[in-house]
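Novice: Spelled out from the first residue to the last, the chains are:
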Amino acid sequence: MEHTKEYIHWFDSENRVRVRLRLSGLTVTEFAVNLEARIGGRWVVVARWDCAHGYLHKHQMFADGAWTKEKIKAPYTMTRCMEEILAYIDESWQRLREKYLEVRK
Amino acid sequence: MTRKTRLSELVKMPGVGKASGAKKISDIDPHWKDFSALMVALIKYPELLKELPEKVVFAPNQSVVSAIISHERTRILDLIRGKGLPVCEIAKRLDRKQEAVSRDLGILKKFGVIDFEKKGRVKIPVLRRAFAIVPLVARGR
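From first to last, the protein sequence lines stand for chains G and P.
Reading the first sequence from the start, the letters are residues 1 to 105 in this note's numbering.
Reading the second sequence from the start, the letters are residues 1 to 141 in this note's numbering.
Calculated directly from the structure, the hints in this document are not laboratory data.
Even for Gly, the Cβ is constructed at its ideal location relative to N, Cα and C.
Hints are supplied without guarantee of correctness; some may be wrong.
Here are the in silico distance ranges between beta carbons for each label pair [as the list claims (entries may be wrong)]:
1) G:A87 with P:G21: 14 to 24 Å
2) P:D78 with G:G25: 34 to 44 Å
3) P:R81 with G:K71: 38 to 48 Å
4) G:V103 with P:K83: 47 to 57 Å
5) G:S13 with P:T74: 14 to 24 Å
6) P:R81 with G:K73: 47 to 57 Å
7) P:A41 with G:G54: 18 to 28 Å
Lysine to any residue pairs mimicking SDA-like chemistry, simulated, CA-CA at most 25 Å apart [unchecked claim]:
8) G:K5 with G:V28
9) P:K33 with G:A63
10) P:K44 with G:W43
11) P:K55 with G:A32
12) P:K55 with P:A37
Bound-form chain G, shown alone:
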């Protein structure tokens, strides 16, 4: 039976990370990691990594509603991917937030 578990970590009152794990029985079949920020009084997804549709991909969101999607061709385990994504968010969350707010040409 498939089900989802969700863990949200607020690292300050304006920023948080949401991890969603999709399970089939006791096996994690998919995960998604969102970096979310409160901007202009509402919560938005700034960046997202997920392996829906069977492959890992990353999305960069922008304040004007645009977003980019890129497939990550990586023969790595989900554990390794999760480690690297969380390490990257740790270091770059401020830049990701700034990127979200960039005015695109």
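Start from chain G and add chain P according to the hints.
Specialist: Chain P alone, transformed into the frame defined by chain G:
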């Protein structure tokens, strides 16, 4: 390029590296590393998931917990526990405007504290069972 380096490069968003002088989450939040380790462990050892509720919010301090569960929202939760009250009835019993109650219910739903069940054309807020908000306490204090 090593296998490790390649993956760390691959997960980066285009043009978004670490800014010099930027603070890491782990610099401002003493619980970040524990959270990261837990998420990795849950994938590696999914049997641990049996011990955790369906949804957990890890809140670094009481102000974040309060942002989710304010006094007014606590009153709503007390009222709907075990009862099938529509929004208008909740507003009436709490002597509040229906729009304000709806807004609070929307926030509670967003955080997974409640859900809505449909009874005909009326939406009834109901408590979800598997939910926890964990206020974290810094170590070494």
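Novice: Against this structure, judge whether each hint is valid.
Specialist: Here is how each hint holds up against the structure:
1. Distance hint check: the CB atoms of A87 (chain G) and G21 (chain P) are about 19 Å apart, consistent with the given range 14 to 24 Å.
2. For D78 (chain P) and G25 (chain G), the hinted distance range of 34 to 44 Å is satisfied, since their beta carbons lie about 36 Å from each other.
3. Against the hinted window of 38 to 48 Å, the Cβ-Cβ separation of R81 (chain P) and K71 (chain G) comes to about 46 Å, which satisfies the hint.
4. Our hint of 47 to 57 Å for V103 (chain G) and K83 (chain P) holds, since their Cβ atoms are close to 49 Å apart.
5. Separated by about 19 Å at the C-beta atoms, S13 (chain G) and T74 (chain P) satisfy the suggested range of 14 to 24 Å.
6. Remark: the range hint 47 to 57 Å for R81 (chain P) to K73 (chain G) is upheld by a beta-carbon distance near 49 Å.
7. Between A41 (chain P) and G54 (chain G), the C-beta spacing of about 24 Å keeps the proposed range 18 to 28 Å intact.
8. A distance of roughly 10 Å separates the Cα atoms of K5 (chain G) and V28 (chain G); the hinted pair therefore holds under the 25 Å criterion.
9. Proposed proximity of K33 (chain P) and A63 (chain G) is contradicted: the alpha carbons are some 29 Å apart, above 25 Å.
10. A distance of roughly 30 Å separates the Cα atoms of K44 (chain P) and W43 (chain G); the hinted pair therefore is violated under the 25 Å criterion.
11. The suggested pairing of K55 (chain P) with A32 (chain G) holds, with an alpha-carbon distance near 14 Å, which does not exceed 25 Å.
12. Taking the CA atoms of K55 (chain P) and A37 (chain P), the gap is near 17 Å; set against the 25 Å cutoff, the hint holds.
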